[in-house]
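Chemist: Based on the provided sequences and hints, a complete structural model is requested.
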Amino acid sequence: MTETVLDAIIAALQSSEGLAAIKNYHKFKGMVPGERPTISIACGLIRFKEYDNEQDEATIPIEVLVYLKDINPLRGEELVRALADEVRFALLENPTLGGNVDSTDVTEVVYETNDLEKTERMHYAVVSAESTFFAPRRKPGETPPILQKLLLDLGDEVGEVDYEDEGGTL
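The opening residue of the sequence shown carries number -17 in the working numbering; numbering runs sequentially from there.
If a hint is listed, it holds; no wrong ones were tucked in.
So the derived label-pair ranges between C-beta atoms look like this:
#1 Gly16 x Glu90: 19 to 29 Å
#2 Ala3 x Leu98: 19 to 29 Å
#3 Pro118 x Asn54: 47 to 57 Å
Hint data in this document are derived by calculation from the structure and do not stem from the laboratory.
All residues carry an ideal CB built from backbone N, CA and C; glycine is no exception.
Modeler: Right, here's the structure in full:
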């Protein structure tokens, strides 16, 4: 479900007219500085609370990192504040993220500026949000494709991992 939520956030942000200048979106916690403003989206945990025998109420804190390089401190900070506002409004205008979650609330925005070199400054904002949804208590369906690929990449058939190959024991 985490990938679904992250993808839905990217879709919500990409549909915002105010964020049309953003072409690069990354799903990880960190920055990939480039020449254009960029957004990284990450979650570090999911909290589960038993709802009933079939599902849990899940809360997923999300960090949307908006960043750009600009040596001009006034322009850089003004741009990052404006972009962070657009991120906030895009999330609030689509709180169910296209029906993928039950609600999304923006909880805080933090602004920072760091000198990278004498000729560069990184301006960024961390827009913190929380999405709530109901998660099944039992595994739905088959093994996710990425886990099947991992096993194949290790050179073993799915479900037949030989742990001794990795120095382990059965």
